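Asks: Below, each chain spelled out in residue letters.
4 protein chains.
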Amino acid sequence: MRLAMLGLGRMGGNMARRLAAGGIEVVGWNRSRETADALAAEWDRISAAGTMAEAVEALTPPRVVWSMLPAGEATEAALMELTRHLEPGDIVVDGGNADYRESLDHGRLLGDSGIEFIDAGVSGGVWGREEGYCLMVGGTEAAVGRLEPALRVLAPAPDRGWARVGPVGAGHFTKMVHNGVEYGMMQAFAEGFDLLERKEAFAIDPGQVAELWRHGSVVRSWLLDLMADFLGEDARLDDIAPWVADSGEGRWTVREAVDSGVPAPVLTAALYARFQSQDERGYQARLLARLRQAFGGHAVRQGGEAE
Amino acid sequence: MRLAMLGLGRMGGNMARRLAAGGIEVVGWNRSRETADALAAEWDRISAAGTMAEAVEALTPPRVVWSMLPAGEATEAALMELTRHLEPGDIVVDGGNADYRESLDHGRLLGDSGIEFIDAGVSGGVWGREEGYCLMVGGTEAAVGRLEPALRVLAPAPDRGWARVGPVGAGHFTKMVHNGVEYGMMQAFAEGFDLLERKEAFAIDPGQVAELWRHGSVVRSWLLDLMADFLGEDARLDDIAPWVADSGEGRWTVREAVDSGVPAPVLTAALYARFQSQDERGYQARLLARLRQAFGGHAVRQGGEAE
Amino acid sequence: MRLAMLGLGRMGGNMARRLAAGGIEVVGWNRSRETADALAAEWDRISAAGTMAEAVEALTPPRVVWSMLPAGEATEAALMELTRHLEPGDIVVDGGNADYRESLDHGRLLGDSGIEFIDAGVSGGVWGREEGYCLMVGGTEAAVGRLEPALRVLAPAPDRGWARVGPVGAGHFTKMVHNGVEYGMMQAFAEGFDLLERKEAFAIDPGQVAELWRHGSVVRSWLLDLMADFLGEDARLDDIAPWVADSGEGRWTVREAVDSGVPAPVLTAALYARFQSQDERGYQARLLARLRQAFGGHAVRQGGEAE
Amino acid sequence: MRLAMLGLGRMGGNMARRLAAGGIEVVGWNRSRETADALAAEWDRISAAGTMAEAVEALTPPRVVWSMLPAGEATEAALMELTRHLEPGDIVVDGGNADYRESLDHGRLLGDSGIEFIDAGVSGGVWGREEGYCLMVGGTEAAVGRLEPALRVLAPAPDRGWARVGPVGAGHFTKMVHNGVEYGMMQAFAEGFDLLERKEAFAIDPGQVAELWRHGSVVRSWLLDLMADFLGEDARLDDIAPWVADSGEGRWTVREAVDSGVPAPVLTAALYARFQSQDERGYQARLLARLRQAFGGHAVRQGGEAE
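Chains as they are written, first to last, in my numbering: chain A, 1 to 307; chain B, 1 to 307; chain C, 1 to 307; chain D, 1 to 307.
Hints listed in this document are in silico derivations from the structure and should not be mistaken for laboratory results.
These figures come from a predicted structure and were not determined experimentally.
One or more hints might be untrue.
Mimicking EDC-like on lysine to aspartate or glutamate, the simulated pairs with C-alpha atoms at most 20 angstroms apart in a straight line are [unchecked claim]:
(1) B/K199 - C/D234
(2) A/K199 - D/E280
(3) A/K199 - A/D238
(4) B/K199 - B/D238
(5) D/K199 - A/D238
(6) C/K199 - C/D234
(7) B/K199 - C/E102
(8) A/K199 - D/E54
(9) A/K199 - D/D112
Only chain A is shown next, with the shape it has when bound in the complex:
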């Protein structure tokens, strides 16, 4: 099999390597040509294209073009350009973290040109190249069937870790929910380790507990494996700032909960904890402190202190 991979960053580059190692030929394109050339120099089965048009020309119909470009503008622009180069029967896979509603739009847009669209949610992070990726795929059965050789290589094992979960949109929807669950699990652990760490009387070592819980406990999990690694080296985390980024999927999951009337208190609390970490103004707390002063005469701290 032979496919084009657009976007050779942390995710796309490693996926290209895993594909090549698994016998798939990859035509790589990247915004900066050097990245594609370096990758092509590294692997026999990877070649570099200077433009998307070249990447498409390097394939034989029916083509498969897999995009790992950032969701939003970059992906939008690529899809628009691809409609000019591809032919009916070709397949475009979006493996980025797109909003599933946009993927539904993209499916319709490409479908108007007779091009098949597949939305593939990809989980695995920096570990995927070695351990394989979890692939949540949305699209027609026929299109996903044609993609199968690549999916079998990218997944942890040929028959495990990839699946067509539904029609176009279902792939990114499932990935969105996956990330929502991930937020909740992460926050559950964060609260638990905070409780352990705060209990000075017991002088518990969070790193020891993380390692302990990996064996035989109910909470054993891959996230815990990772935590045992880094907490074992540094449980205090003094060099890490208490600031947590959030990504689209977490927000979209809460929006989905609201739109569909599904109570999601844990997934939402996890998102809000990140918002809290990002909030440098503290307006809510200022207002509460001022209001306590107003009704109870309680002292407030002056503004500079907590900043």
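Dock chains B, C and D against chain A, hints included.
Replies: For chains B, C and D alone, kept in the frame of chain A given last:
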């Protein structure tokens, strides 16, 4: 009527003044004698006692001793001492913010000496002296009946704003729930005004909106009246630190929810928002940032930034 | 002043009455003609129009047309039709509970025809006719200035309870946040009264406490006034089903929190509590019960029981 | 090594079997003698004792007595009785799910008689017999050192899955936090699968997704393994009632969060979701529905419907 008031701080001092203004004679005792003397000099109907024993001696059985001492050690010590000076048939009122479980203990302790115990939850803050206090009273009907002349003066009106809500313990229990609700209402407003303030495109003035909502809206309330006052003067609150104290009642309310199996997501979220404002370590956020780095290679901010 | 009122349901009908009582002439239109005729028969200053076109014709430019139609399709259709009948310089007011983003669109749509758009969030419910409405108004200063005679009549007092809070969109935005705060306050009270009601040992009467808290307490508010009324008559609420509707504003407020990165745990918990009351499937709880069985051998209840 | 095991129910019985299979001799006692006899008949290395005194007598000092009795009264009574039969230098292990504060008391109580106390949090459920248990152990280093042969057998591997995490109390504290995290993780998955299941347009199969996520995804975990098993067989769960029990540890974790000022929104939301599932009265929802009716004239459903 004549009663002793123990503790003449912000709450006790103003209550003594309101009682005196309403025709009740008050024997005041305070840890620092000067406060009692100053109050006695201010009001004809207030006299100062140098010791609790003197305060008790200045009354005629059956006596009424009202404590506005801080909950915890100060109240415990006072109750123990009062058991030595009082006689069966006397009444002790605890108007402080005690845990209702402790008040149940106190009722039993004093009851062993034949002394009646009344737990009176008092709301009203610094405004109570002028506007009257809301009094949630627990105790026997007979005891509360004897306290009625004082309750009628302390309340906003003789027949409104005070009530016997149940047996001993019920007063502080009701006050605890009151404060829990107060936490929830305050946080609801804090979130709402934060949303308004953050919406730069509309340049909404939170002070104007607070004043506006006071008239005809569903959220009109005394807390809103206070907010309209101070937000009208300074809506940015830049001089107030984003640090909010919490008191026993908020924590006890959540403990009660947990013990009784009542879901209380709003009251608890309000308490946790205050904990968050007090948290200077940010361990949870550090852990999350580190974990994101571990699985996804995401950048973390270095430790010094957010402190 | 003379204006047209479109939609004479619970809100629009009462607003027309209050306007008429205050000296404003109203041309009323309603989907069902009978409602308009009945209202016109009731009040001298109200006349009935059979079509929107007739309502517009009954006014002299520059006209004011106030819509109290339901948000969504009915409002959309009315605005489209009005663009055909109105002229540059006329004003359309949308007093319904529209999403502020749609109001921004409506402002642009009408602006293309030279028609001024005002979005007016209206609070007050069934009590507004007697007590006056709280009006949160978005639009240009000039347009709102022309609407002022009507606003002064609708509000609780000529100079209070109405305000221009910002440009087009700001009115419905402020109303959205108002309702979010309302959700949070309501849920805070619901949790508090549940805690009181569940404490069997004290046999506390929620109706008595609601009335008590109205006087001098920190939580006194209009919502509490209403609760004191109905809890005083029936504190058990056995005839009310535990099912709570939610409206657009609650959902939009949470969406706004998510979009703007403002943590809103209380407003969101209040929304989710309503979702929970609406959930007849209980899938989350079924999954948890099954999972506990799977890892711990814990018994589950059979399906029929809890339905 | 030889030890006595008190309580041979689901947990204690399987632990006795795993110990015996690993070469440890076990003297078993159970409230109902038949259970002990049956276990002794099953395994050479297990013998049955008719009373706790007999169990103690069957051991040679310094003895090890491991209790797997239910926390609370049964454990309290056993510890009191053991103080009468044991001698200084003997060890009592409490492997039940006790409140760590009680374990601190138990440590002091037994310490007064010179008996060593070890609190061992045990995770692993019905799978522990085959896969081994995770053991979080609190006690002196010397005492835990003497228990090591048994811990090595009970754990999944001799050097993994057990650890002394701190002094007496630290074992049950760590187990409490473990279960709190477990609650949070479970609820995160429950919300996620609810979102998937509710999205009718995609007809996603939760069982397929659970199996898919097990391979290469960020949320892979033992809980997910279990879910993949049972959702694969029955994703609808129609025969399971939406009623979820909660245990002491979940409540204690929230109490700990409140006492120590650690915000724990996710762990608490998970507990409250269970409370919600247990609530058959729906008082909060009734109150909200009634209040909406009072201010907005909104219809309520009659009481019988939702029960």
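Asks: It remains to establish, for every hint, whether it holds in the given structure.
Replies: Hints, one by one, checked against the model:
Distance hint between B/K199 and C/D234 is unfulfilled; the C-alpha atoms sit about 42 angstroms from each other, more than 20 angstroms. Restraint check for A/K199 and D/E280: the C-alpha separation of about 37 angstroms exceeds 20 angstroms, so the hint is violated. Only pairs whose Cα atoms come within 20 angstroms are accepted, and A/K199 paired with A/D238 is accepted, the gap being roughly 18 angstroms. As the CA atoms of B/K199 and B/D238 are separated by approximately 17 angstroms, the hinted pair is consistent with the 20 angstroms bound.
A hinted pair counts as satisfied when its Cα atoms are at most 20 angstroms apart, and D/K199 with A/D238 does not qualify at roughly 42 angstroms. Annotation: proposed proximity of C/K199 to C/D234 holds, straight-line Cα distance about 18 angstroms (limit 20 angstroms). A hinted pair counts as satisfied when its Cα atoms are at most 20 angstroms apart, and B/K199 with C/E102 qualifies at roughly 16 angstroms. Our distance criterion of 20 angstroms between C-alpha atoms is broken by A/K199 and D/E54, whose separation comes to about 39 angstroms.
Taken as a hint, the A/K199 and D/D112 pair is broken in the structure, with Cα atoms around 25 angstroms apart against an allowance of 20 angstroms.
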